[in-house]
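Given the structure of chain V, go ahead and fit chain Y onto it with the hints provided.
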Amino acid sequence: MKQLLSVLFLASFVTAPMAAEEAVINVYNWSDYIADEVITDFEKESGIKVVYDVYDSNEVLEAKLLAGRSGYDLVFPTARPFAGRHIKAGVYQKLDKNKLANISNLSPSIMKGLSDIDPGNAHAVPYMWGTTSLGINPDKVANLLGSDVPSDTWALIFDPKYAAKLAACGISLMDDTTEVISAALIYLGKDVNSTSKADLDAATAMLAAVRPYIRYFHSSQYVNDLANGDLCVAHAYSGDVLQARDRADEAKNGVKVALTIPREGAIAFVDVMVIPADAKHSENAHRLIDYLMRPEVIAKISNYVGYANAIPASKPLLDEAVRNNSGIFPSDEVLARLVAPAELDPASQRARTRAWTRVKAGQ
Amino acid sequence: MASPFLSRLTLQLQQLQAGRRLVVAVPLLWLGIFFGVPFLIIARISLSEVIIGLPPYSDILAWSSQAMLTIRLNFGNFLLLFNDSLYFSAFTNSLRVSTIATLICLIIGYPIALGIARSRESLRVPLLMLIILPFWTSFLIRIYAWIGILKGNGLINNLLLWLGVIDTPLQLLHTDFALLLGIVYGYLPFMVLPLYATLSRMDHTLLEAAADLGCKPTAAFWRVTVPLSMPGIIAGSLLVFVPAVGEFVIPDLLGGPDSLMIGKVLWTEFFSNRDWPVATAVAVTLLALLVVPVMLFEHYREKGQAL
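Chains as they are written, first to last, in my numbering: chain V, 1 to 363; chain Y, 364 to 670.
Simulated from the structure, these hints should not be mistaken for lab results. Accuracy of the hints is not assured; some may be wrong.
[To be verified] So these bits of chain Y aren't anywhere near chain V, every CB distance computed over 12 Å:
(1) Gly395
(2) Ala425
(3) Arg505
(4) Trp630
(5) Ala651
(6) Leu652
[As the list claims (entries may be wrong)] Negatives, chain Y to chain V, calculated, CB over 10 Å:
(7) Ser370
(8) Leu417
(9) Ile495
(10) Leu523
(11) Leu533
(12) Leu562
(13) Glu571
(14) Pro590
(15) Ile596
(16) Leu602
(17) Phe634
[As the list claims (entries may be wrong)] Derived CB-CB ranges, DEER-like:
(18) Asp566/Y / Asn224/V: 54 to 60 Å
(19) Ala508/Y / Lys256/V: 26 to 32 Å
(20) Pro119/V / Val605/Y: 48 to 54 Å
(21) Phe451/Y / Glu264/V: 34 to 40 Å
(22) Phe451/Y / Pro119/V: 43 to 49 Å
(23) Leu436/Y / Asp41/V: 52 to 58 Å
(24) Phe451/Y / Pro108/V: 51 to 57 Å
All C-beta atoms in this analysis are idealised placements derived from N, C-alpha and C, irrespective of residue type, glycine included.
Next up, chain V with everything else stripped away, as it sits in the complex (with noise of 0.2 Å):
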């Protein structure tokens, strides 16, 4: 009898762990997207281990979440066209709002803008959102080109007047098929979610004309480049031009880097956060959704990363140049020119790529 009891005992033991949750979290995140002392906060309170892991395209974890048992727990795709077609195709899985408590610090008007894509809010909460735009060294894009040309215009890369001057100090465009098409759509005043073939001729043969002039096509390479003064003009993300000028700052190494929103207008991106449907350890990327709300938290990201968030009262709590910065909250005027490409039919999607690719190949 004792020895079934300690049995007994000893199963308890063993299978207790296994009912409650694992005190891991598996996060794969876009890259210099979050401040690192958070992470430390969130185990130190939680005392839940996050595993964090990082991504550069929403193509690459697009792939990792269709193949299935990514292993992932909390994800941050862009919420179009991506988590959009991802909340479809039922790779997410519902939140269960009861566990998050801070849904209601959530801006109303971002949340009313994600629900045509997620109907109820019911797979995905906002996590920051920014343009992409352009990253420049003003120095040097006025030493090559005069100081009366305007910076904040995509003409920089798309006009082969300027673009051949600043190829000397270098130009970069994302690898990325949407943003760039959409780019040169906007460019040359076209809807930016156009599926006819004479738009996309249009851009492709603008493309196809300042081919020379880009020194690589990449999607973060971009951040280091425009710090050491290696670009003077790079297709980026608004926050990651951002990190670039204050790491250029803390490298005391003189390199001046700018963010301009172009006056032709740009993408406007919301990264969501969610689950992925066959997470193992949902309860805790709850917990991690819910800490990462709280006004104070995502503060301190924002103040990081040179993002905009979702939670209307953490603005009073951002460092004043961030708050006052208008790449990161951009003027009623700049906000009516920032639109957001939607999900095109597969055919246009596949006469889109085509089209990138043989402009990358110079074909």
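Quick look at chain Y alone, frame taken from chain V:
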């Protein structure tokens, strides 16, 4: 008298065959599990259609209500490869780059291998170690290191600027030059090692005989050493050429955007287009175009040796 001998002989033969089968069975099983099965999975995806779902392709097998098995095969993915010139030019460019890289590896690797094979016995092991030593560092890190050396603000450009040879940094990184450099650097040991293996086993008395018969050293090299080292040349060239054709890391990190190689096209199909069926169709076609000729070549070479 003859029958027990015969039966013993047949028994021995049977045992020998069983042993042979066993020896062959292990690698065959290995190939079956790690090459055959994945290939079938890939081939199956290549015949399906893209859907928005998890996984992002349709199932080619479906059970209908009347216990009927329906098979839907989509050959459109393969047709696309032939109708769109992008794939053809990517493939020919891959072949071009790999051929040039293989030739450079051979030209650099042959003297190295010959030098090691002809050096003193005590020196050979340290020299071979020097060839193998880079493998102790990850391939990816070694290729990444070249970025630091080649970039505009990197070692070479800064040295040349400092020496006053150039005024503005040279564009070295993201060019075909960097791509070839990376491939030659990465794959050179695969050329040197098989060459060394054949050259070190060569009978030196043959060269002495050639000299005795009045053959000059250069002529002896071309007429004796090179033909005898042919197996090493072929093995080394294949070991460089075949992986170089499908190379993804080096063109991605060092190559320019115009160095369109089939490995990158595959990546684009898989990641940017989310088109697993076309990506796998590229993989299957690549395999057919690359491995089948190599196998045929090996087959005929063995036949030629047997004759």
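Hints versus structure:
no. : hint                            : verdict
1   : Gly395                          : holds (24 Å)
2   : Ala425                          : holds (19 Å)
3   : Arg505                          : holds (19 Å)
4   : Trp630                          : violated (9 Å)
5   : Ala651                          : holds (22 Å)
6   : Leu652                          : holds (20 Å)
7   : Ser370                          : holds (57 Å)
8   : Leu417                          : violated (6 Å)
9   : Ile495                          : holds (32 Å)
10  : Leu523                          : holds (16 Å)
11  : Leu533                          : holds (12 Å)
12  : Leu562                          : holds (40 Å)
13  : Glu571                          : holds (54 Å)
14  : Pro590                          : holds (41 Å)
15  : Ile596                          : holds (33 Å)
16  : Leu602                          : holds (28 Å)
17  : Phe634                          : violated (4 Å)
18  : Asp566/Y / Asn224/V: 54 to 60 Å : holds (56 Å)
19  : Ala508/Y / Lys256/V: 26 to 32 Å : holds (29 Å)
20  : Pro119/V / Val605/Y: 48 to 54 Å : holds (51 Å)
21  : Phe451/Y / Glu264/V: 34 to 40 Å : holds (37 Å)
22  : Phe451/Y / Pro119/V: 43 to 49 Å : holds (45 Å)
23  : Leu436/Y / Asp41/V: 52 to 58 Å  : holds (55 Å)
24  : Phe451/Y / Pro108/V: 51 to 57 Å : holds (53 Å)
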